[in-house]
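Novice: The lines below spell out each chain.
There are 2 protein chains.
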Amino acid sequence: MAEEASAPRVVALAGGVGGAKLAHGLQAVVGDRLTVVVNTGDDLERHGLLVMPDHDTVMYTLAGLANREWGWGIEGETFAAAEMLARLGEPTWFRLGDRDLAVHIARTARLRSGLGLTEVCLGIQRALGVTATILPMSDDPVRTEVRTDDGWLEFQDYFVGRHQEPAVLEVRFRGAELAAAAPAVEGAIGAAETIVIAPSNPIVSIGPILAIDGIRGALAAARSTGTPIVAVSGIVGGKALKGPADRMLASLGHESSALGVARLLDGVATDFVIDRVDAKYASSIAALDLRVHVTDTVMTDDDARARLAAECLAFASPRSTASP
Amino acid sequence: MAEEASAPRVVALAGGVGGAKLAHGLQAVVGDRLTVVVNTGDDLERHGLLVMPDHDTVMYTLAGLANREWGWGIEGETFAAAEMLARLGEPTWFRLGDRDLAVHIARTARLRSGLGLTEVCLGIQRALGVTATILPMSDDPVRTEVRTDDGWLEFQDYFVGRHQEPAVLEVRFRGAELAAAAPAVEGAIGAAETIVIAPSNPIVSIGPILAIDGIRGALAAARSTGTPIVAVSGIVGGKALKGPADRMLASLGHESSALGVARLLDGVATDFVIDRVDAKYASSIAALDLRVHVTDTVMTDDDARARLAAECLAFASPRSTASP
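Line order of the protein sequences matches chains A and B.
Each residue of the first sequence is one higher than the last, beginning at 1466 in my numbering.
Each residue of the second sequence is one higher than the last, beginning at 1466 in my numbering.
These are computed hints drawn from the structure, not numbers from a lab.
Wrong hints could be hidden among the right ones.
[As the list claims (entries may be wrong)] Just a sample of chain B residues kept apart from chain A, beta carbon distances all over 12 Å, derived:
1) PHE1544
2) GLY1562
3) GLY1702
4) THR1765
[Stated by the list, open to error] To spell it out: a stretch of chain A is covered by chain B in this simulated footprint if at least three of its residues, at any positions, have a beta carbon under 8 Å from a beta carbon of chain B; those stretches are:
5) 1509-1515
6) 1569-1577
7) 1583-1594
8) 1692-1701
Treat the numbers as computed from the prediction; the structure is a model and nothing was measured.
Where a beta carbon is used, it is the ideal one built from N, C-alpha and C, also for glycine.
Turn these sequences into a full structure, and let the hints guide you.
Specialist: Written as structure tokens, this is what we have:
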């Protein structure tokens, strides 16, 4: 597309649904100039297959296949295989649709054949017609675990299996210390004109990405050379639009507000976007090392996604490397 | 069931559809006293999953799930995953239904967890409500290959991929020399009061089972102690009821008739069942080391399956170990 040739190169860091929506808006604005770096800490093995909830939510959303009503999976999905798996006595709490299962089957077979995770993901994205590039944060396994009163739980056991009910007392990203950034991630961050941190859960969606040394280093390098890093608060009016981020912030001792999120991303981001309902926090956030932008951040439809994406890019402007 | 307590212990050797039908009839007659030993030479890896066409055809048939119209797969099957796999660029010539795929997924996951093939198969059979016991002939991999003008082909490439069109010039069972009979097979044959060789393709369905030393030895031992081994011809009026057995017999230099099948099973079976349309072969078959029985062998419905099964058991009677 002609307009995209001059579109800025954008990298977005994203987790699941909220991240997918903003990534979708960014893809609408900059097309194939967008690279989305997705959290893989939520990944899990089901029935011997590698399931990547955040990667696939972003992929289905960017491919126009996402089920908007559920917030996960594929529009028009069926569950014939899942019913048979249940009949065979397989664990049923993580229910996979037939089309979704096909993605996990193809991915797992290709990984077993010796291909790397990034290469496999890119092949599947292309086959589904995704315009942007979605990169797993690492080809190495990183697994998010949360400590609750029931002890340490794998993330999906907490998130899906226990409906996010237990209070989260501690979070760890197993494997993150040793994990290298996926092959193209550091290069994409280095080449980006704007970096966007999507309104995903700051602790368990953005947290694992930032826990990879190579990515944190690439972000610091980009920031030091003036690349704007625009974060959008996923907490609006004190509540997470989706998921347990608000309760998780509180149980981990953070403030469950846009200000709480801003504090977590201070030092990483340069710019912070909050909703109009949170305008009262603007001065407190500005007192951190962040520029504040106030707008409507709730992405109710495709137009709202594209508008917020365009605003994030407009807010972003090269920042002096000198302190303000 | 009260009547089954006194039913004879029966072992059936079977391949795909024809074998499944007679096994279904035998299950109707002797219930859980039936053990079916199935060919695994047709097994293949698809998308990283172990697919067992003959085992699953017998299993779905005995579970009452088989699609009778197609002759393979599950009644009411859907193909949502297969369509997605095609979209992802996976090979499409061996199309797997959603429910069938669930079986392959569960089986492969359980095998990868370290369980043996027989144990995994029995667990799935029980979950689906199969009354009889279906044993893979071996837990070790055996793969049937056929030589054609296109060279050596894996069996399913010939059978499904090339629609059985190339003439088969030679057949081999890779791995058969080293394969042990599956754990319970020899014991089941030793304990059987009657052994039935189903009207499956004698070369590529029954042939691989007989190529396992342990099974051939167990059959010879059973025969030597007077256990009747009743084979049913899968060639009726010179034609295979299903599949390429007739053309395969001819291209391999055998007679494509009930007599041709009898010659292949002479020395293994004690009794041979032919259709009324093949009564003309009775004296030639009787001249071999086989007792001949003539009846209707085409199993058009459940009653016909049970009737033929009951007749096979009635034909069988302990045979003197002395030569006639």
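Novice: Now, for every hint given, state plainly whether the structure supports it.
Specialist: Hint check results:
1. PHE1544: Contrary to the label, B/PHE1544 does not stay out of reach of chain A, its closest Cβ about 9 Å off (not over 12 Å).
2. GLY1562: violated (8 Å)
3. GLY1702: Its Cβ never comes within 12 Å of chain A, the nearest being 39 Å, so this holds.
4. THR1765: holds (29 Å)
5. 1509-1515: The restraint on the segment 1509-1515 of chain A holds, since 3 of its residues have a Cβ under 8 Å from chain B and three suffice.
6. 1569-1577: Held - the segment 1569-1577 of chain A has 5 residues with a Cβ nearer than 8 Å to chain B, which meets the minimum of three.
7. 1583-1594: holds (count 4)
8. 1692-1701: With 0 residues close enough to chain B, the hint is violated.
This entry does not satisfy hints 1, 2 and 8, going by the numbered hints stated previously.
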